[in-house]
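Residue numbers (our numbering), protein chains in the order written: chain U, 180 to 575; chain F, 180 to 575.
Hints in this document: simulated from the structure, not taken from any laboratory.
Careful: at least some of the hints might be erroneous.
Remember, identical chains collapse to one label, so a pair may be satisfied in a single copy or spanning two.
Taking lysine-lysine and the BS3-like style, the derived pairs with C-alpha atoms no more than 25 Å apart in a straight line are [claimed, not checked]: (1) 367 / 188; (2) 266 / 367; (3) 475 / 182; (4) 543 / 258; (5) 570 / 292; (6) 182 / 292; (7) 182 / 256; (8) 486 / 282; (9) 182 / 367; (10) 417 / 282; (11) 182 / 246; (12) 282 / 570; (13) 367 / 475.
Just so we're clear, the structure is a prediction, and the values are computed from it rather than from any experiment.
These are the residues of each chain, in order.
There are 2 protein chains.
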Amino acid sequence: MSKPLDGIKVLDLTRVLAGPYCTMILSDLGAEIIKVEIPSGGDDSRAFGPFINSRSLYFLSINRAKKSVSLNLKTSKGKEILRELVKRCDILVENYRPGTMEKLGLGYNDLVKINPRLIYAASTGFGHTGPDSLKPAYDILAQARGGIMSITGYPEAAPTRVGMSLGDITASLFTAIGINAALYQREKTGLGQKIDVSMLDSQVAILENALVRYQSDGESPQPLGNRHPTIAPFQAYKASDKYFVIAVGNDNLWKSFCTAIGNPELFDDLSFRTNRLRTDNIGTLNSILEPAFAAKTAAEWLQIMEKAGIPCAPINDIEAVMNDPQVLSRNMIVEVEDSMAGTVNIAGNPIKMTNVPESSMRDKVPEIGEHNSEIYNGWLGFSEAELVELKAQEVI
Amino acid sequence: MSKPLDGIKVLDLTRVLAGPYCTMILSDLGAEIIKVEIPSGGDDSRAFGPFINSRSLYFLSINRAKKSVSLNLKTSKGKEILRELVKRCDILVENYRPGTMEKLGLGYNDLVKINPRLIYAASTGFGHTGPDSLKPAYDILAQARGGIMSITGYPEAAPTRVGMSLGDITASLFTAIGINAALYQREKTGLGQKIDVSMLDSQVAILENALVRYQSDGESPQPLGNRHPTIAPFQAYKASDKYFVIAVGNDNLWKSFCTAIGNPELFDDLSFRTNRLRTDNIGTLNSILEPAFAAKTAAEWLQIMEKAGIPCAPINDIEAVMNDPQVLSRNMIVEVEDSMAGTVNIAGNPIKMTNVPESSMRDKVPEIGEHNSEIYNGWLGFSEAELVELKAQEVI
Chain U
180 MSKPLDGIKV LDLTRVLAGP YCTMILSDLG AEIIKVEIPS GGDDSRAFGP
230 FINSRSLYFL SINRAKKSVS LNLKTSKGKE ILRELVKRCD ILVENYRPGT
280 MEKLGLGYND LVKINPRLIY AASTGFGHTG PDSLKPAYDI LAQARGGIMS
330 ITGYPEAAPT RVGMSLGDIT ASLFTAIGIN AALYQREKTG LGQKIDVSML
380 DSQVAILENA LVRYQSDGES PQPLGNRHPT IAPFQAYKAS DKYFVIAVGN
430 DNLWKSFCTA IGNPELFDDL SFRTNRLRTD NIGTLNSILE PAFAAKTAAE
480 WLQIMEKAGI PCAPINDIEA VMNDPQVLSR NMIVEVEDSM AGTVNIAGNP
530 IKMTNVPESS MRDKVPEIGE HNSEIYNGWL GFSEAELVEL KAQEVI
Chain F
180 MSKPLDGIKV LDLTRVLAGP YCTMILSDLG AEIIKVEIPS GGDDSRAFGP
230 FINSRSLYFL SINRAKKSVS LNLKTSKGKE ILRELVKRCD ILVENYRPGT
280 MEKLGLGYND LVKINPRLIY AASTGFGHTG PDSLKPAYDI LAQARGGIMS
330 ITGYPEAAPT RVGMSLGDIT ASLFTAIGIN AALYQREKTG LGQKIDVSML
380 DSQVAILENA LVRYQSDGES PQPLGNRHPT IAPFQAYKAS DKYFVIAVGN
430 DNLWKSFCTA IGNPELFDDL SFRTNRLRTD NIGTLNSILE PAFAAKTAAE
480 WLQIMEKAGI PCAPINDIEA VMNDPQVLSR NMIVEVEDSM AGTVNIAGNP
530 IKMTNVPESS MRDKVPEIGE HNSEIYNGWL GFSEAELVEL KAQEVI
């Protein structure tokens, strides 16, 4: 059994999060990832916390199972080596600021001449076109400018950032979709193409019904805390001990729900009979539900709701997530054995495919230039003496 | 110029959000989407608000440019018709509860026999395996159980849901990656495969450094409001009028930042010299920065920061997003002309690819069964008289 991307070689010029996360996905699908790092320091995120024994776990969690070569792209020899690698790779992924690769003479238009089959993916903050293309970017800027911060959290509170780097991750995912689609198309045409995905565009793309809610009444949607904008009751409620969530997603569930909370006559109240009415009258509804839920623990309510077939869930903290039986049964927590940090648990691959065998292990994270011999010698034919000289010249 | 997925036919048995969003992406990449809807009512989300002239904009925003056929899969004739469609399609996407397709005799193992090239993608709440596979699921349950709600918001506040359906959307994106990878592999092997993506798995996969932060100190990460967990200063600050965000992502920017805020001597304070120190001492640092920022408006600070090269951004509401020059220049707001709702603006495609031409328009949303003649007559050879009879029998 071969994995979907077995045999595909990826030249990975990315750093920090959006790019490395994308190439990690390609790795899980079977591709070979050659991470190109600056000889001094490598990927910036090697210096990002948290650390165990000086190993950045931030770096570890998304760079496992990649190969690393060191290469200084500011030297002419370094550029020459990169071009040789490009000739031998299927995909190049980079997340430099727009124009950086062009200044190096390594832009898409340069590289496509030496490898017309190359799929060149650029992951940036604002994209390779447009008035703000060159602005520096980070996740929080994409979350702020892209609208998600304006609809997350509570109206009276300070703005809320989504608790993970949503700008980076969604750009990664859209980039990975484009790369795989381009691989498919290359089988038909024999040609690669350029893919240009930005964090800002990706944030806009996932706003889904917020854009049309604005158009329905001319008001920018406001943050809703933990409520759903158009379905009710569909939110977190506080039990006697802690919060839990329920999702009464349709009118049939509403009837079962009323019985489950021991208030079947609530179903007879016509002001709550349809989802639209429950959404419109959520304040009144919650003034009935909140005192009711305060009478039992979250665990008790979850048991009651489950028996009644009402969709519900605990609000898991990270420890609970990492011990959740369903999460574990799906192999979503896997291990990396690291020379410095020891055994570290990281997230598994959520794309379960017939041709992607499950494994509870991931290969280790590379040191900077760990695979110089394998790639520079094996692929390009440099001798060990030449590698020593390239190192002395600070090319690798 | 052909789009990457031109010629690919997708049988779309999905409803509500995760599935339809996935097939929308495939549509933007060139695939033909045949949406299979129950004759009475169709996709549940046709009844979800907001509405303009009884058109669900929720439905419209993610089902544009698809074709709809009506089909009752509970009838034997309906199943027979579905099997005929499966023989003619490349991809089937469904988001029924696990086991539903099998009960209908239309599970992957049934369908692969009549079309070994079929790529079958199932998008579910908890996946097709595991102890909680059959539990009902909605976005908020995945957000709650998957950990993101435990790290989003403010520690003292009630739990915060990410303001869009992150569980659904991330499952969509991972499913779309799997489908495209499977299409590529099918070119090599001639065979399709099954893809099984869950919302819960997808939420775990995007937690990125939260999992390793837990392992570094044994404490589940807490919500951080709008701060970054390991980079500082990297958050929203309140100017004299409203909030804005800055992202001082490295030590070089820190020096420029100190000068930009008119406090160059802050750089001399060794307790803030490295990112790690600034993260550790964020409370002290903010007690210096917050009063400073209160002295000017957000617009003034953004201008100052931009001049100094400090990454920064306004916190856009949805109206501002839809009028952002960069967003507009990237064609991220496109139009649908709808027979009921008129012109509606929705999000464009964030995957900018050389072979995907940009257009500011999207084709319209289908009525239930609008393409019955085109598909049932054109693909399967049913006569108009037969279609009338199938309709009378409530098969279509």
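To see whether the hints hold, each was checked on the structure:
no. : hint      : result
1   : 367 / 188 : both (19 Å within a copy, 16 Å between copies)
2   : 266 / 367 : both (20 Å within a copy, 22 Å between copies)
3   : 475 / 182 : neither (49 Å within a copy, 56 Å between copies)
4   : 543 / 258 : neither (28 Å within a copy, 48 Å between copies)
5   : 570 / 292 : neither (29 Å within a copy, 57 Å between copies)
6   : 182 / 292 : between (30 Å within a copy, 22 Å between copies)
7   : 182 / 256 : neither (35 Å within a copy, 37 Å between copies)
8   : 486 / 282 : between (63 Å within a copy, 22 Å between copies)
9   : 182 / 367 : both (20 Å within a copy, 11 Å between copies)
10  : 417 / 282 : neither (56 Å within a copy, 38 Å between copies)
11  : 182 / 246 : within (18 Å within a copy, 32 Å between copies)
12  : 282 / 570 : within (24 Å within a copy, 63 Å between copies)
13  : 367 / 475 : neither (61 Å within a copy, 57 Å between copies)
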